[in-house]
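These protein sequence lines map, in sequence, to chains G and V.
The numbering used here numbers the first residue of the first sequence as 1 and each following residue consecutively.
The numbering used here numbers the first residue of the second sequence as 1 and each following residue consecutively.
Please note that the accuracy of each hint is not assured.
[Claimed, not checked] Simulated crosslink set (DSSO-like; lysine-lysine; CA at most 27 Å straight-line): (1) G:K51 x G:K191; (2) V:K114 x G:K74; (3) V:K114 x V:K35; (4) V:K182 x V:K65; (5) V:K365 x G:K324; (6) G:K215 x G:K227.
To be clear, the hints were calculated from the coordinates, so they are not data collected in a lab.
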Amino acid sequence: MLRTLRQRITLTDIFIWVIGLSIAGIVIWGTISTLQQGRYSGSSWLDLTIKGLALGGVYALIAMGYTMVYGILKMINFAHSEVFMSGPFTAVFVALGFSKSGFLDRQPVISLIIITIVSAAVSTLIAVLLERIAYRPLRSAPRLVPLITAIGASFFLQYVFRGLYGSGSYGYPAIKIFEQSVTFAGIQVHKTQIAVIIGAIVMMVVLYGIVQWTKIGKAMRAVSEDKEAAELMGINVDRIIVFTFAMGGASAGIGGILYTLLFPVVNFYMGFFPGIKAFTAAVLGGIGNVPGAFLGSIILGLLESVGPNLFLTGLGIPSPSQLKDAIAFVVLVLILIFRPTGILGERISQDKA
Amino acid sequence: MKTESSYWVKTIQNGLIGGGIALLLSLIGLSVAFKSTYIINGIFTMGQVFAFTAILFESYISVQKAPSKNTLTRLAIGGLTGLLGGVILVIAIALQQVVNLRSVLINFSPDLIKLLTFNLSLTPGLLVLLGFSLLLGVIGAGLYLLPVRIRGAILQGILTVIVLGLFRDLLVTVINLWGFVKYAFLWLFAQSGLSIPGAIVVFVVVAALVFWRKGRESKKVVITRNPRQQRMLRWGGIGVVAIFVLLLPPILGSYFSEIFDQVGIYILMGLGLNIVVGFAGLLDLGYVAFYAIGAYTFGVLTTSEAVGILHVNFWAATPIALIVAVFAGVVLGLPILRLRGDYLAIVTLGFGEIIRIVVLSDWLKPILGGSEGIQRIAQPTIGSFIFNNQQKLYYIIIVGILIAGFISVRLKDSHLGRSWMALREDEDVAEAMGINKVITKLLAFAMGALFSGLGGVLFATKIGSVYPQSFSFIVSINILSLIIIGGMGSIPGVFIGGLALVGLPLLLSQFADYRYLIYGAALVFMMLVRPEGLSPEARRRLELHEEIEEIPHEETATILKTPGELGGR
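Whole structure, please, built from the sequences with the hints as guidance.
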């Protein structure tokens, strides 16, 4: 009994746990000393929390693409960040056109809907093309091959869009109805943030509904469970996979517009960080799991917006928000090391991880 | 009947795809970037090659898959494909006249339209464009109908003309150093690209050579040499290459030496990553982290600025920097031992980014200089000799590559090398066979980190300063691309990949903006068509059995070379 225990606990495990515990210690210590210093007031914490929720909502929409594709093909669609970028980067021209002609101010809701549709359409198109050209021929290839393809496709798409629209940044015009903030039980909240949170929740419900309650959603779940069996049951696997990519693309395109409401600048490399973070969120919640992606995204959004100030200020680190991306990456690394199945994931065994 | 009619649909599809690719390449600016890079002076430019090759290629594919064996039908199929490609371009140009697309698509410039309409005014230009596309389609079909031997000769001839024309500047620089011999070659070149007689001569010579060689091959003349001769030939070849490599900097001058220095550093790191990815099968996307660690450690140790700590010289700082890099490799490697495949890739990517973000932050600014980096880094010295320019540093880099190459070659067939390959093939089986997974994997990470760290040291000393911007994710992708294109696990592949992926974009400055576009496309294309890389490792095994497998080997090689297989759709 003791021998097996000794065999099981290797030096590596001890090392990993030491790292984990020391990071946990630093986080707790930082939090306590930050709170003791009391540099931030209660309302600024709430402000950060709402920011984090809005950010998490956007991540959730991007994460859907990762998680659904992973659920079905068991591959990381590394180029999904470019699917996300393509929509808003294209739709910015529509938005600028509307802004110039004054249509945006006259009909803000209609123009926002049109912009969103354009963005979703472009992202969907890119996602479907990507699947058709880069991934479908490689479906039975060894695991590393589609991943490398995806990395290649990611760079290819980035620089194609750079070539098409230029290497500069474009700014989304401000939408007047979102400019004021409302007071909500004594707290001032930006209207954009409310819009983003509501939009993200509605989209998540729709996506969840499609996966859970429609026939095609059922087929998706069947394909994700067992491709061969699903095919024998008369499901057109190719069509389901295309549909999955399309759904992920549309969701990323809509997420992209919500993202531009928060950060109105678009350029060809805008996809990288949100993409990686959405992937982190998908893994955090349990990849392949739709509610998990939502949960993971909200947690990551909160960690990213509240985290730097909460954990790092107390440690005396200057300008902690510079390290917010590093926090996301640390979360990614830790979750993959300690719990690759994520919070809600249980199906992925070690050989898949 | 049904197959025939469905075939016309396929042809239309091919035509539209060809036109779409041509339009895309034009719209992302590739054609215009090369609009004055003549291949044959006054006749055609590289820009036109980019604009129209897709149409030619698609017609070829169309004809290849055509069910009809009738020559005229096939030519018609080719012509239709080409014409449709042209129609796409014409529609796009016409649309541009009606609505100003340029406010969105920044490369849809008058220059592009002039290039596509052959500098004519609009209406005749568009008609010529249509006619030209039709002609290209027919030529594509015609190429397919030619006997294999002639087709091969023509294609190789055209390819050689394009390559020589493209590298005219480099070639002329080199040829000018050859004394009076240069006059035998200089007339081949014009102000830009090849001269017309030069192009004809190059084409005829190359095509004739290929034609003649193909003919000999078909007669199966097998030259057998005894092992001693083979060995002598091999060492002779290595000797010639070595002398050439050593003489490169004085031949090329400082501008080209700088390029070769960069290529060298990438090859050095490629050799390291080749151990991690190629030998051990651990996809590491955060390889840049060790490069950064090596460079920064070296910088901090040797800089004469205030942020430095020891102010030691190159030879004392290098071992310390390497030890730090290796230590980092082991420390980062330990927690991720259990991860495989894509998760490993993502975690290593995370590590790389964490390092960059932390270096860039204000937090470590007092030590690492933040976004201003570290300047005034020491250069290597031997006695009173200072390696203070790119030509001298070249030799230091060569030494680094030699060490890395030697270690790689020796490790590959060693016990450790075979353990790595066993782990790569099947981790569980390897472990069951008694391979210590922890040690073996950590050694792979450590070796990778060692060479990456050395690359960082050489980079820091070459530039004389380090900035966090130099250590972005794209460097990892750069190195990964070169070993994948070259052939994972293949040592010659690293050199080929390095020269092709790092050297070419630096030599052709017009490519600079499209470097990563081409990397991305090359990665996808390689994975789809030839996942084993340009210089695959398995080939070595085939070479060992050349006499036995002569015929199948040749066959597979020619099959792979036909563009039909390269289409891969």
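Okay, the hints, checked on the actual structure:
no.	hint	verdict
1	G:K51 x G:K191	holds, 11 Å
2	V:K114 x G:K74	violated, 47 Å
3	V:K114 x V:K35	holds, 10 Å
4	V:K182 x V:K65	violated, 47 Å
5	V:K365 x G:K324	holds, 17 Å
6	G:K215 x G:K227	holds, 16 Å
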